[in-house]
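*Asks:* Top line first, the protein sequences correspond to chains G and R. So for the first sequence, the working numbering puts the first residue at 1; every next one is plus one. So for the second sequence, the working numbering puts the first residue at 1; every next one is plus one.
Derived by calculation from the structure, the hints in this document are not laboratory data. No residue lacks a Cβ here, since even glycine has one placed at the ideal position from N, Cα and C. Please note: incorrect hints may appear among the correct ones.
Derived pair list, reagent style PhoX-like, types lysine-lysine, alpha-carbon separation capped at 25 angstroms [said to hold, decoys possible]:
id, chain 1, residue 1, chain 2, residue 2
1, R, Lys200, G, Lys108
2, R, Lys200, G, Lys23
3, R, Lys200, G, Lys445
Covered stretches of chain G (in silico footprint by chain R; criterion: 3 or more residues with CB under 8 angstroms from a CB of chain R, positions within the stretch not fixed) [said to hold, decoys possible]:
id, stretch
4, 131-141
5, 208-218
6, 363-372
7, 376-383
To list a few chain G residues with every Cβ distance to chain R over 10 angstroms, as calculated [to be verified]:
id, residue
8, Ala44
9, Lys88
10, Asn111
11, Glu115
12, Val116
13, Gly121
14, Gly153
15, Asp173
16, Leu264
17, Trp428
18, Asp499
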Amino acid sequence: MESVLPPGIKREHFAALLADLKKVVGREFVFTDPQWELPAYNDAYLTTPAELHQPSAAVAPANVEELQRVLEVARHYKAPLWTISTGKNFAYGGPAPRKAGYIVLDLKRMNRILEVNEKHGYAVVEPGVSYMDLYRHLQKIGSKLWVDCAAPGWGGVLPNMTEHGVGYTPYGDHVTMQCGMEVMLADGTLVQTGMGALPGSQTNHLYKYGLGPSVDGLFTQSNFGVVTKIGMWLMPEPPGYRPYMITFEKESDLHAITEVLRPLKVNMLIPAVAMTVEMLWEAAVQVTRRDYYTGKGPIPESVRKKMRSDLKIGAWNFYGALYGPPPMMDNTWEVVRDAFASIPGAKFYFDEDRAKDDVAWQYRKKLGAGIPNMTEYNVMNWIPNGAHIDFSPISPVTGADATKQYELIRDRCNKAGFDYCGEFAVGWRDMHHIFCLTFDRNDVKQKARANKLFGELVDAAAAAGYGEYRTHVDFMDRIAGTYNWNDSALLRMHEKVKDVVDPSGILSPGKMGIWPKSMRKGKA
Amino acid sequence: MSITLSSRRTFLQATVSGGAVLPLLTSLGMATNAVAGGLVEAEGSLCLFEADAAMGADMAAGVRQIGLAYQTVTLDDAAGWSAMLDALTSARGRSLAVLGRSATVFAVRSMLEPTWRVVLEGRHSRQADSGMRHELSGLDAPMNQLSGWLNRVRDPAQYAVVLASMTRGEFSADAERKTLDLNSHAWPGSDLVSLLAWPKGVV
Ligand SMILES: Cc1cc2nc3c(=O)[nH]c(=O)nc-3n(C[C@H](O)[C@H](O)[C@H](O)COP(=O)(O)OP(=O)(O)OC[C@H]3O[C@@H](n4cnc5c(N)ncnc54)[C@H](O)[C@@H]3O)c2cc1C
Numbered sequence: 001m002e003s004v005l006p007p008g009i010k011r012e013h014f015a016a017l018l019a020d021l022k023k024v025v026g027r028e029f030v031f032t033d034p035q036w037e038l039p040a041y042n043d044a045y046l047t048t049p050a051e052l053h054q055p056s057a058a059v060a061p062a063n064v065e066e067l068q069r070v071l072e073v074a075r076h077y078k079a080p081l082w083t084i085s086t087g088k089n090f091a092y093g094g095p096a097p098r099k100a101g102y103i104v105l106d107l108k109r110m111n112r113i114l115e116v117n118e119k120h121g122y123a124v125v126e127p128g129v130s131y132m133d134l135y136r137h138l139q140k141i142g143s144k145l146w147v148d149c150a151a152p153g154w155g156g157v158l159p160n161m162t163e164h165g166v167g168y169t170p171y172g173d174h175v176t177m178q179c180g181m182e183v184m185l186a187d188g189t190l191v192q193t194g195m196g197a198l199p200g201s202q203t204n205h206l207y208k209y210g211l212g213p214s215v216d217g218l219f220t221q222s223n224f225g226v227v228t229k230i231g232m233w234l235m236p237e238p239p240g241y242r243p244y245m246i247t248f249e250k251e252s253d254l255h256a257i258t259e260v261l262r263p264l265k266v267n268m269l270i271p272a273v274a275m276t277v278e279m280l281w282e283a284a285v286q287v288t289r290r291d292y293y294t295g296k297g298p299i300p301e302s303v304r305k306k307m308r309s310d311l312k313i314g315a316w317n318f319y320g321a322l323y324g325p326p327p328m329m330d331n332t333w334e335v336v337r338d339a340f341a342s343i344p345g346a347k348f349y350f351d352e353d354r355a356k357d358d359v360a361w362q363y364r365k366k367l368g369a370g371i372p373n374m375t376e377y378n379v380m381n382w383i384p385n386g387a388h389i390d391f392s393p394i395s396p397v398t399g400a401d402a403t404k405q406y407e408l409i410r411d412r413c414n415k416a417g418f419d420y421c422g423e424f425a426v427g428w429r430d431m432h433h434i435f436c437l438t439f440d441r442n443d444v445k446q447k448a449r450a451n452k453l454f455g456e457l458v459d460a461a462a463a464a465g466y467g468e469y470r471t472h473v474d475f476m477d478r479i480a481g482t483y484n485w486n487d488s489a490l491l492r493m494h495e496k497v498k499d500v501v502d503p504s505g506i507l508s509p510g511k512m513g514i515w516p517k518s519m520r521k522g523k524a
Numbered sequence: 001m002s003i004t005l006s007s008r009r010t011f012l013q014a015t016v017s018g019g020a021v022l023p024l025l026t027s028l029g030m031a032t033n034a035v036a037g038g039l040v041e042a043e044g045s046l047c048l049f050e051a052d053a054a055m056g057a058d059m060a061a062g063v064r065q066i067g068l069a070y071q072t073v074t075l076d077d078a079a080g081w082s083a084m085l086d087a088l089t090s091a092r093g094r095s096l097a098v099l100g101r102s103a104t105v106f107a108v109r110s111m112l113e114p115t116w117r118v119v120l121e122g123r124h125s126r127q128a129d130s131g132m133r134h135e136l137s138g139l140d141a142p143m144n145q146l147s148g149w150l151n152r153v154r155d156p157a158q159y160a161v162v163l164a165s166m167t168r169g170e171f172s173a174d175a176e177r178k179t180l181d182l183n184s185h186a187w188p189g190s191d192l193v194s195l196l197a198w199p200k201g202v203v
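Next up, chain R with everything else stripped away, as it sits in the complex (with noise of 0.2 angstroms):
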């Protein structure tokens, strides 16, 4: 259980003005400098994810990579979650990432809510051709902006850093919502469930 708040500022300053590019962004296929935006907002959020296998990914290797805070989630002992409790009371006003089991995210969002406003919610599973199905439903926007990174990212560490960096929008309380339905290649791991919440006051 950690919670990692690097100066991701100076590091990508550094990143970029020295020309060098993150390998993992550059997988991405994200513009440095557009990143850098996107990615200094960033700083404004925390990645909650499942520490389980079911991820099929090494989240925590994957969010310190890009110096994302994160915060792991357990459903199975009180230290776990009282951590995520304590991260969710340090992290007010801040935008939330939360991937994992339906359960975990079902559970974890009953701990968010009225505080922070849940704009977008992504079910993902894995079809019998071994491809990856995302239903989505949520604000238009954010929706929009995401579903061209189905595609782009390999497995759920890199989604949670794509969620996390969208972390405003000119959004009004009355948005459009609408539901999307998209295909991708699969992802390792299990079924997840994704939420990007966003903290009272943004919408």
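Next up, chain G with everything else stripped away, as it sits in the complex (with noise of 0.2 angstroms):
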């Protein structure tokens, strides 16, 4: 790859600024070359041209005091930064930023875990802190507090609370367990959100909300500021855990699956995240797609059959966990059982009715307890170099609204040619529908259909009112497109808070369709 400039600067100017990069982080941590160093800021499950996404640089400073000072040399050249902190967001964009020319910020060396606290059970971490870093510093200390991990360990504990990520625990909801923020805004200044911001405060881990406007969610899918400390509440190993797995027969189940499980979840009798997972999904993880079909287009039901008897799974399997005291779980599993029991064809299974060697069940059982594993990954064997984008459209919990969400994902991605791979996550009152879009990333034409696939079906979600909680950086734009009521409202809030934080718009331009003003409106 050739190497990019910022855009915007001029070759002499960008040589210049490189130079004062140095001066600050020491020349080893100032990446340059774009054959070498730079791919390893590249998004490997791009559908578009990589060339678009080529960073131009990548600087990784060591504390806040090195990042003000980067900061400070951005803002001299007005040069766009691209903040990651693990750089694992694959599915959403990796660590590549959202155009070419963008100079990488990476917080990977920030990777102190600063408290640790038993008794009030959370612990303070840098962006730089994965699932993996946070569970072996536990482990190491002989703490009986857990992780809770989105399904990739390598992934960071603050970074994925800012991408309102998901994990498999009680605590699963990242953003509700988040409390005391540390953040650096564009001009350098830092600030403690909530009660962080009273010198001396006993409380800046403990109440979320302190004074006055609660901003940490300003923070959160945003490029107003630079997130530099997090507090994160852990759950307390309980006195007990017993995951289970409940298989359904029929593809149709789906419908009665969600509408039994909306009262469960609300009542909380289900209180980690429960997840619904077609069976492509299960099969993913363990087999390829050559290992039972070889013939284009959608599997047919007679493979399918053989692919459920084999890995013993459902057309739909559920995963859930008891939690609590022995006495407590039994009470709570004739509840869930008996409500479950009523879809004909429902079986049940703790652990000991799943093989040793069973990948589906074994990582799942794992991340209930928020024991992290990267397992999932595998979903990339299912067919020759395979890669994926996600489509998580968020619904009621309703089984109408699950199967529309299904059959509308579902009768597209075939047409295109490509597996219905996906789960549904049921939260508090909300369900995640992520569907895996899966391609093969050395084709050239399957990546441009992903891609087409999934702008029609951003479209057709919204047509039908279901918005993304998240998404890949090459769709930022058109989702925030349709987050549009009144006039686009609250898009330009946005856009007025970003014009006031960060004058010069040097963070993340274009992050969630947020640009600065130099960038706006067909400047970018």
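Build the complex from these two chains, which are given one at a time in their own frames, with help from the hints.
*Replies:* This is the structure we're talking about:
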């Protein structure tokens, strides 16, 4: 790849900018080589040409002082930075910037675990701390606190939260569990939000709201600042953990499963994020498509049936878990089991009923107890050179909505020549539908088809009243454009905030459709 | 999960000077003195491979036989992942040969760059006619050296040894890159991806 320049910056200024960055972080932590260094900041799962997202450089400060000086350099040259922490945001853009030429601001080196508070159940971490790191640390110090991790354990505690990410224990809604934030504004000001604004505060990580407007949300999925530290509530290890799986025979059971599930979730009988997983997702983590079918188009029912029987899975597979003292778990289980038993063909499994080498069960069991792993990446083995981007609309928890969304995606996806591989994750009142659009990343035509399909899904979902909860860098403008109530009042407000907190427009221009003034409306 | 760091130099000198030839090397058709040179170089390398039946060979036995340092990789547990990260930390400055299924190698690669430079990537897939297709991409020179070995190795373990032996090259950073599509007899196991990564400074 050829090297590129940041938008609007001349080559000689760029050379001076890099020299200034090197003075701040040292030569070793400014990356510029397009052949050997910058590929580390590509998104291997792009459906568009890599050139569109190629960074001009990357810079990795070690601490807030260096970060402050990096921002100063960026302001001086009006150079766009693209903030990443652990940089593993695959399926939504990986570490790649929104546009070519940005300088990736890589916070991986800021990776200290600043505090673990056993008594009150929280940890305070810097941006570069991965779930694996935190888990390892808790193990080392003999902590009885659990991590709640996203399926990929290499993801970061802080950036996953800022992306509104989810995990699989009762603490799975990460934004809800975050308490206390430190953020650096584009002008270098360091701000403590909530109770942290009170010098000597005793409750920075215990009470979220402080006094006055609660601003933490302004720094999630945003480009208004660089988050440098957060507190995260951690779940104390419960006296008992009993994960279970319920398989359902028919594709049409999705409606009933969702209807049965809603009251169980709303009444907190299923405390963790509840997962209803379609069979191909279950298959893809353990076998390849070619093991079963080499034809094109949707996999025929006869083959799907064999897959279900071989892998002991259903057309839909529900994962939940009981937490607490054994008598409580026993009582809850009676209610849960009786409710789902109303669906003909439902089969119930506990750990002892599943094989030790059952890949799908084993990783879900770990996730329910906050034990990080990476098993879910195996979905990429489903087809040769597998990659995926995730389409993730939110809907109400009803059978009608689940079925409507499923059919909306499945039909378009099959027509475009892709397998439907998806799951429904039910939180407090919402349902995230995650459709893992899997394609061959070495096949240019297939990538173009995947890109087109994704766009169609955005429009079809919006027309039906469903919006996405996060998205890939390639679709940020398009999806932000669907949140357009009252002449896009929300986006206009975001832009006003952006102009005030980052007047030079240096922080992640275009993140979630929010552009600085200089790059707005066709200027980008 | 283990790392074996045997004294390969001593071992090879004894083997070569004593006229004994390792069965593995013989089967690879390597001339002993050339091998001694190449493999002494391989002291500076670490082999990472997926601990899975899909590899179709007892990788650990294969690479242990040749005295190669290795680390198994798994996506399935935190301890295994951490062990790999530890191995990478202690392998700074050494070459890496990585073999596994596509997802696993993708994950490992994401942890290597930019500290290491991936000079060669291979996609090895079984064909309907029971042969094996090898799509190689990377630097010209190591690829040329490597291509001759594809038909001579018996399984992924032997291929790993060959990869790991390629630790040095007189290559400049702007060395030519190319792609190569080759066929060979079938290797056991499922489709694989391989990487050869050199530490910063070698290229
Ligand atoms: C197979 C697979 C399974 C997945 N499963 C899940 C899952 O279960 N749950 C889930 O939530 N996600 C999931 N994902 C999506 C994604 O991998 C995770 O969310 C991952 O945690 C994001 O990467 P990261 O944590 O390294 O964040 P990063 O890549 O470091 O950051 C992500 C984004 O956050 C913003 N950001 C980062 N750091 C900062 C900062 N300091 N200040 C301000 N903004 C910042 C930036 O815009 C950046 O682009 C999955 C992806 C794949 C491929």
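*Asks:* All the hints need checking, so say for each whether the structure fits it.
*Replies:* Hints and how they fare:
Distance restraint check for Lys200(R) and Lys108(G): the Cα-Cα separation of roughly 19 angstroms lies within the 25 angstroms cut-off, and the hinted pair is therefore satisfied. A hinted pair counts as satisfied when its Cα atoms are at most 25 angstroms apart, and Lys200(R) with Lys23(G) qualifies at roughly 21 angstroms. Between Lys200(R) and Lys445(G) the alpha-carbon distance is near 35 angstroms, which puts this suggested pair outside the 25 angstroms criterion. Figure legend: the stretch 131-141 of chain G, annotated as covered by chain R; annotation consistent (3 residues with Cβ-Cβ distances under 8 angstroms, at least 3 required).
For the stretch 208-218 of chain G, the stated coverage by chain R is violated: 0 residues have a C-beta nearer than 8 angstroms to a C-beta of that chain, whereas at least 3 were required. Against chain R, the stretch 363-372 of chain G contributes 4 residues with a C-beta closer than 8 angstroms to a partner C-beta. That satisfies the three-residue criterion, and the hint holds. Judged by the Cβ-Cβ criterion of 8 angstroms, the stretch 376-383 of chain G is covered by chain R as claimed, because 5 of its residues qualify and three suffice. For Ala44(G), the non-interface assignment is contradicted: its Cβ lies about 7 angstroms from the closest Cβ of chain R, within the 10 angstroms cut-off.
Not every CB of chain R lies more than 10 angstroms from the CB of Lys88(G), the least distance being 7 angstroms, so the non-interface label is violated. Separation of Asn111(G) from chain R is adequate, the least Cβ-Cβ distance of about 12 angstroms exceeding the 10 angstroms criterion. Taking the minimum C-beta to C-beta distance to chain R, about 21 angstroms, the non-interface status of Glu115(G) holds against the 10 angstroms cut. With a cut of 10 angstroms on Cβ distances, Val116(G) stays outside the contact zone with chain R, its closest approach being about 17 angstroms.
The Cβ of Gly121(G) lies farther than 10 angstroms from every Cβ of chain R, with a closest approach of about 21 angstroms, so its non-interface assignment holds. Taking the minimum C-beta to C-beta distance to chain R, about 6 angstroms, the non-interface status of Gly153(G) is violated against the 10 angstroms cut. The Cβ of Asp173(G) lies farther than 10 angstroms from every Cβ of chain R, with a closest approach of about 22 angstroms, so its non-interface assignment holds. Listed as outside the interface, Leu264(G) is consistent with that label: its C-beta sits roughly 30 angstroms from the nearest C-beta of chain R, beyond the 10 angstroms cut-off.
Listed as a non-interface residue, Trp428(G) keeps its Cβ farther than 10 angstroms from every Cβ of chain R; the least gap is roughly 28 angstroms. At roughly 35 angstroms, the least C-beta separation between Asp499(G) and chain R is larger than 10 angstroms, which holds for a residue marked as non-interface.
Hint compliance for this structure: hints 3, 5, 8, 9, 14 are broken, all remaining hints hold.
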